[in-house]
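J.: Here is how the chains run, residue by residue.
4 protein chains.
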Amino acid sequence: MTFELPHDVEQLRLRTHAFIRNRVIPHEPAPGDRLDESVRISLGEEAKKLGIFAPQVPVDFGGQGLALRYWSPIFQEAGYSPIGPAVLNLMAPDEGNMHMINLIGTDEQKAEFLAPLAAGTTRSCFGMTEPHPGAGSDPEALTASAVKDGNTWVLNGEKRFSSGAEIAGFAIYMARTVDIEGHPDGATMFLVPMDTPGVRVGHPIHTIDRTIAGGHPHLHFDNVRVPNSAVLGEVGLGFKYAQVRLGPARLTHCMRWLGLARRAQDIVLDRTNTREIFGSAIGELGIAQNMLAESAIDIETSDSIITKTAHLLESDPKAGSALSSIAKVHCSEAVYKVIDRAIQLCGGDGVSDGLPLAQYLSEVRPFRIYDGSNETHKWAISRRASSKRRRAVENGEEFRGNATTSQEIFA
Amino acid sequence: MTFELPHDVEQLRLRTHAFIRNRVIPHEPAPGDRLDESVRISLGEEAKKLGIFAPQVPVDFGGQGLALRYWSPIFQEAGYSPIGPAVLNLMAPDEGNMHMINLIGTDEQKAEFLAPLAAGTTRSCFGMTEPHPGAGSDPEALTASAVKDGNTWVLNGEKRFSSGAEIAGFAIYMARTVDIEGHPDGATMFLVPMDTPGVRVGHPIHTIDRTIAGGHPHLHFDNVRVPNSAVLGEVGLGFKYAQVRLGPARLTHCMRWLGLARRAQDIVLDRTNTREIFGSAIGELGIAQNMLAESAIDIETSDSIITKTAHLLESDPKAGSALSSIAKVHCSEAVYKVIDRAIQLCGGDGVSDGLPLAQYLSEVRPFRIYDGSNETHKWAISRRASSKRRRAVENGEEFRGNATTSQEIFA
Amino acid sequence: MTFELPHDVEQLRLRTHAFIRNRVIPHEPAPGDRLDESVRISLGEEAKKLGIFAPQVPVDFGGQGLALRYWSPIFQEAGYSPIGPAVLNLMAPDEGNMHMINLIGTDEQKAEFLAPLAAGTTRSCFGMTEPHPGAGSDPEALTASAVKDGNTWVLNGEKRFSSGAEIAGFAIYMARTVDIEGHPDGATMFLVPMDTPGVRVGHPIHTIDRTIAGGHPHLHFDNVRVPNSAVLGEVGLGFKYAQVRLGPARLTHCMRWLGLARRAQDIVLDRTNTREIFGSAIGELGIAQNMLAESAIDIETSDSIITKTAHLLESDPKAGSALSSIAKVHCSEAVYKVIDRAIQLCGGDGVSDGLPLAQYLSEVRPFRIYDGSNETHKWAISRRASSKRRRAVENGEEFRGNATTSQEIFA
Amino acid sequence: MTFELPHDVEQLRLRTHAFIRNRVIPHEPAPGDRLDESVRISLGEEAKKLGIFAPQVPVDFGGQGLALRYWSPIFQEAGYSPIGPAVLNLMAPDEGNMHMINLIGTDEQKAEFLAPLAAGTTRSCFGMTEPHPGAGSDPEALTASAVKDGNTWVLNGEKRFSSGAEIAGFAIYMARTVDIEGHPDGATMFLVPMDTPGVRVGHPIHTIDRTIAGGHPHLHFDNVRVPNSAVLGEVGLGFKYAQVRLGPARLTHCMRWLGLARRAQDIVLDRTNTREIFGSAIGELGIAQNMLAESAIDIETSDSIITKTAHLLESDPKAGSALSSIAKVHCSEAVYKVIDRAIQLCGGDGVSDGLPLAQYLSEVRPFRIYDGSNETHKWAISRRASSKRRRAVENGEEFRGNATTSQEIFA
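Chains as they are written, first to last, in my numbering: chain A, 1 to 411; chain B, 1 to 411; chain C, 1 to 411; chain D, 1 to 411.
No wet-lab data here; the hints were simulated from the structure. Among the hints, erroneous ones may be present.
Given that identical chains are not distinguished, each listed pair holds provided it fits within a single copy or across any two copies.
[Said to hold, decoys possible] Calculated lysine to any residue pairs in the SDA-like style (CA-CA distance at most 20 angstroms, straight line): (1) 388 / 21; (2) 337 / 294; (3) 388 / 275.
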C-alpha cells in the first residue's frame, strides 16, 4: 500500500521532521533576509550525520537513494521551513540538475559535476529562459546557439532568470544546435563551469522570493568554448531532456511548498485556537472555520495529486510529465491560498514581520509563474485534453457533441 | 503500485467501460425521465453474464468481490451513464446498505436481506434524516425511538428524505435507544421489511435529481413491532455504524459522479473540437481553453483524493472517514463546476434538452447537500484540524501563534 | 440625487411592490409550470388600473413613461416574482422590441406594432440568432437574406432560439442586405406578421427556463414577401440597431433577475432566521453568515453597476452599451450565485419543489448564456480595454509596460 | 446626472490627472522604499498652486471644498500613484482625522489641529486599535481609560497599529469613559499633542505596506494629562464618532486603491498589447483576455459601488456607513485581484522590482485586513441583512421560509 510508507522511509521522515523543528527552524533568517551560506553548510553536515541529507540522491553520491514515489512526504517535511530544502540539498535548481545529470550524464560528468553538487560543496544553475522574445514560456523560441568547431563547441547567447547563477560553480546551458553528424536539429545541453572564459553573470533581477540562493540574474555567454565532453546527453535532444527535468522539478516545487503551507496552517491554527474575538475562540467562529476547512481541503488535494503524479513519473514518465502540469497549477494556487488565508486570519500580525506569513506569501507567489506560468500550463492542459479526446473519437469512441434539437427532424 | 490496476481489475474496468457505452447509454431515458424498472433488470442480467454486476459485493452474494481500494475506477466507468450505477447495482442507497449489512449483519440477516439486495431483486432505503428539528445534519438530535418490549422492539418516529423508500423492500431504520441490558444510551439500527404493520411511506419530496429510484419521501413508523433479530449490529452502536456506512457511502458518490463529470467533459470536448466561433475552433480560443483546463484539473484532483481516501478507508477506517469529508466537499464542488462549464461552452444547447448537460447539473446539484451538506462537512473539517493541532501542541509541538512584534521588548 | 428616487417614481415603486406581493405571487405557477395566458392578461388589466403597467412604455402607448435611469428599481420589484415581468409587460423579448420600435419605428409602424404590443394584446419575437455556423455569438456571420424585388422584399433564412415565436403576433427579423440604393452593405430589420405566407415556426428547443413565454423555437422564412414599409429603421443599419436594442435589453435582464435574487435572499434569510442547527439559529453560524454576506455583496454591487449603466445608456449610449457587457457578466454570475447559496442553505428543501429555489436556478442559469454568453462578453470587454489603452498610449499617455530590469544597463 | 461630473469637478480631475503623471510619478521611490518627506512637501506646494491640494478639505482651511459625492474620481486620480494621496494630503489616517475634526471639532480645535493638518505641515494618528485582547475588530472591548480630574483628564492605555504615530504631531485618542456629569458610559475622543508628557511611541510594527508614513507602532499613554478642551465632540459619544469617521475613511481607501488598480491594469495592458507569446500578442490570447476582462469588471463594479456609497453617506450617513462595509469588502478583494492578475500576466517581471506590481500587491494586501478585516465586515453585513429581514417580516412582509413539502398534508 503506497499511501503507507515503508518502515525505512517513515523513519527517514521522522528524522527529517525532528531535524527541521529542532535544528533548522531556530536558524531561520528574519523575514526578507537570506540564509547564510555558512549556516547552510554547517546544518548540512549535521544532516549528513543523521542520514537525512540529499534524500533523493543515489547512495553512491552521498544521498539516501529514495525512490521518486517517496519523495513527497520527505520534501514536505523539509519544506516546513523555508530554508529546509537548501539545508538538506533538495532545493531548486540544484535538485533538478542533479536528477538530470544522474539520468543522462556520463560517469565522468557525474564525478566532476554531480558528486560535488550532491555533497553541497558546489551549486549550479540552469540556463534556459531567455530575454524576450527568446525562449520564455515557449521553449521552441530558443535563440542561444552552439556551433561545433572541431572538438569544441562555441556557445553564444543571453539567458534570463538563471536562478542560482550568482553562486553557481557550473551551469547547464541549453542552446540551439543544427543538424550535425546525424543528430537532429534542436537543442543541446552543455555542462559549463562558470569560470569558463566568456561566461558572465549579468544584470540581477530582484524578486520577492528569498529561498533560491544565487538570485535570478541574466547570464551572458560570449564565444564560450567548451570541449565535446561538455555535452550532456545527446546532441539535439535538449528539448526532450528539458521535459525530463521539468516534470519532476515542478513536482518537487509542489512538495516543498506544500510543506510550507502546512507550516502556515499550523501557525493560524495555533492562533485561532487561542485568540478570542467577540467572546469566542476565533477558531470556533464560522467564517474562520470556513477558511480553515478550505485550507485543509487545499492541502489534502495537493498531497493526493502529488502522490499520484510521483507514481506516474516512475511508471510512465510521459504521462507523469503531463499530469505534473495539472499538479503544478493546482498546488501553486492551493498553497498560495492557504498562506493567504492564514495571513487574513492573523489580522495585522499577518501582514507584519512579527509572523513569517507575509514572507511566505512572497516565497510562493512566484511559484504560480516560475516553471511555466499557470496560464501556460492551462493552455497545454487544455490542448492535451482536446487532442486526447479527438484521438479517442477517431479511434471509435462515440462522438457526443451533437444536440438532438439542433437539427430539425423531417418526417 | 496501486495507481496501476492489477490485471483482473483492469479487465473488469474494460468490460464495464464497453458495457456502459454499448448497452447502457442507448437505454438512457430522456432528460427529466427515470429509468424504467424492467430495463434496469434486463440490463442487470446482461451485466451478471458479463461478470461485471455488483462489483463491490462479495462473490458469495453474486458480486465481483472487488476490494474498496479498486472501486473508484469501476464506479467511475459505471457513473459515465447516469443510469449505469443502478444497472450495475452499485447505486445509493442500496450500495451503502449492502456494505453495512455485509460488515455487521448476522448470517441470517445476510441471507434474508443482503442476498436479494445484492441480486437486485429487492431494493432498500435508509431511515436516518428526520423532519426539522430532528436529526438532519446533526445526528445527535435523533428523535425516532425504539423501546424494547420482551423479545420485540416497538419503533416510532418520522423520517424524511428516505431515499428509495417508495420502491424499497426493506428499510434500515435508525432509532434512539436508552441504556438497556448493559448497552449504552444511543442509537440502534433495525432491519425492517416495508410491509411490516405500522410502516407507511408518506409525503413524497420532489427533487431535481432523477437517478435515485424510489424518491425521497417521508417515512412514518407508528408502533412498528419487530423481533429482536431485526437489530443490525449491536444495540446502542447505531451512530458508530452510521459513520461506518457514511464514510464509504459518500466516497462512492464521489466516484459515480466523477464518472458523470468525465462524460460532460467528453461532450464539451467533442463540441469545442468541432464547432467554430469567430473563425476558430472554440477549443482553440483561450477563454474556452481556460475552462477546459480547469475542468481537467478538477477531474484529476478529484480522482486523486478519492484514491487516497479509498486506501485509507481500508487501512485506517477512522482516518479514512475523516478524509472522506474532504473528498466529499472537493469532489461535489468539482463535479458541479465541470458540468456547469460544459453547459456554458455548449451555449444555448447546454441549457436545452438537446444535450443531457442541464439534467446532469440537476443530478449533481443535490450532491453538494446530500450526505451532509458541504458546509456541515467544512465545519467538521475545521474542528478536526483545530483539535488535531491543539493535541499536537499539547504533546510537545512548538506553539507557533505568537507574533514577535506583538509584545514590546523591554531591555 | 439620482440614487434617491423622485417622489412619483418612488410611489410607482411602492405600488409595484405591493401589487407583486398581494396579487402576483399568489398566482405563481408551481415549479416547472408556466404562467397561464389568461392569468397574465387579467392581472395585467389590474396593473393598468393601478397605473403600474408597462412602466417603460411612453404614456401615449399606455405605459408609465419612465426614464431609463429609473427602470431598475421598478423592474427589480417586478422581477421579485418570476411572472411579474410578464404580467407588467416588461419581459423579454417584448420589452426590448418595444424599446427599439419606439426609437426607430415610423408612426405607422408604432400604431400597427407597438400599440398592441404595449397593451399586451399581442406578443413578439426577435429573429437574430441562427443555427450553427450562422449568427450566434458572432452577429457578423449572419446568413439570412433579404432581397429587394420592386417594392417588396423577399426574406429567406432560418433562425434559432427565437424566443417567444410560438405565441408571437409578429417578428422583428434580421437579414443580410447588400449595398442597394445607396445603403451600405449590412443587415436590415423587418417587421413581419407571423401569419405572413412562408413564415413557419419550426422545431422547438426545450430549455430549463420557464419565464419567457412562447419557447425558443427555430423560425423558418421561406420566400417571405413583405412590403417596403416593413423595413424597421434604415436599410443596412441592422447591426447598429441590434446594438441599440441589446444594450438596454441585456441590462433589463439584469434588473429583473436581480429582483429574483432578492426574493431568494429573503427566502434564505427567513429560513436561517428561524431554523436551528447544532443548537443555534443557522443565521448565527459563521459559515452561513459568510454566504449570506457574499450574497448581500453580490446584490449591492449588481444594483450599483446597473444604476451606473442605465444612466450611461441615457447620456452616452455607446459607452453605456459597452458598460452593459460588464454589467451583464457581473449580474448574471452574481444572481446565479445568490440563488445557488440560498439553495445550499435550505438543504434538502432547497433542491425540492417545496421551495421555488431550484426553479429559480433554472431560470437564471441560461442568463449566463443568453444575450451573448459571458465568455463572449469577456472577450469583447478585454478587446475594448486593450484597444482603449492602445489609443491612450498613441495619444500621449506614457507607456508603462517596460520592466526596468529587463534591459541591462551598460555604463 | 451624478455620474457626469460638474464642469469644475471635471476640471479639478483633469488637473489632478496631469499633475500625478507629470510631476508625481517621476518622484516615486523604488519598490520597498518610502516617500521622502521633503519631496512630499515640495510637491504639495506645487499642488497648492495648481488648486488641487487637499480636495476634500473646506476652502477655509486651504482645500478645494469638494463634496463627498465627488471625491471618488479625484481620489482615484491621486491613487494612480502610490505616493499621490500623501502628496495631495488625502491619505489615511490624516484624511479621516480631518474629516472628523471638521465635523465635530470646535472652532478652537479646528484652528489648532485641523488648520496645520490640512496645510500638510503637521501629521496625525488615530489611536483606537489595542493589543490583544483589547479593542481590535471589536470596538466594545476598549480598555484604554480616561478619568476626569477637575478640569483635566488623565489618559492611560496602550494602542497598537497606531498608523502614522512615529511622525504625528498629535493623536486622536479613544478611551473608555464612565457615566459622568450626565454623559453616557462609553468612549470619548481626545486631541492630544504627541509631545504631551506621558505619551510614548513604542514598539514599531513592520508591515509590508509603504504608503502610510509614520509606521504602525504601539502607542503608550501613561498618566497623560490633557485639559477639558481636548475632548473632541461630546463625552461618551466616541463609538458613534468612530463610525462617523470609519464609514467615509474606509470608502476613501477604496477610492485610492482603485486608482492604483487602474495603474496596474494599464501596466498589464501595455505589456499584453506589445509582448508576444506563441506568435500572438499576449492580449489576443484568450486566457489573458479572460483575466483582463475580469479585472475590467472588478474595476467597474468597484467604481459603481463606491459612487453609490458616497452619495448615500451624504444623504443617509447611517445607511451609507452600512453600505461602506459592503464597498470595503468588495473593493479590497477586487483591487487585490486586479493587481494579482497583472503580476501573473507580466510573468517573471511581475514578481521582480523591474515593475512596481509586486510592491502594489504589498500595499493593498493589508487593505483586506485594515479598517476591520473583511471577515469582520462580512459578519456584520450578514447580521444586518438578517435583522433587517426579521424586522420586515415582523412588520408584515410575508414569511417565505416554509417549504410546502416539509409538512404532510392531512386530508
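J.: Determine for every hint whether it applies to the structure shown.
T.: Here is how each hint holds up against the structure:
Taking the closest pair of Cα atoms, residue 388 and residue 21 come within 20 angstroms of each other only across two copies (18 angstroms); inside a single copy the shortest separation is 45 angstroms, beyond that limit. For the homomeric pair residue 337 and residue 294, the shortest alpha-carbon distances inside one copy (9 angstroms) and between copies (16 angstroms) are both at most 20 angstroms. Taking identical chains as interchangeable, the C-alpha atoms of residue 388 and residue 275 lie at most 20 angstroms apart only when they sit on different chains, with a minimum of 17 angstroms there against 51 angstroms within one chain.
Hint violations for this structure: none, all hints satisfied.
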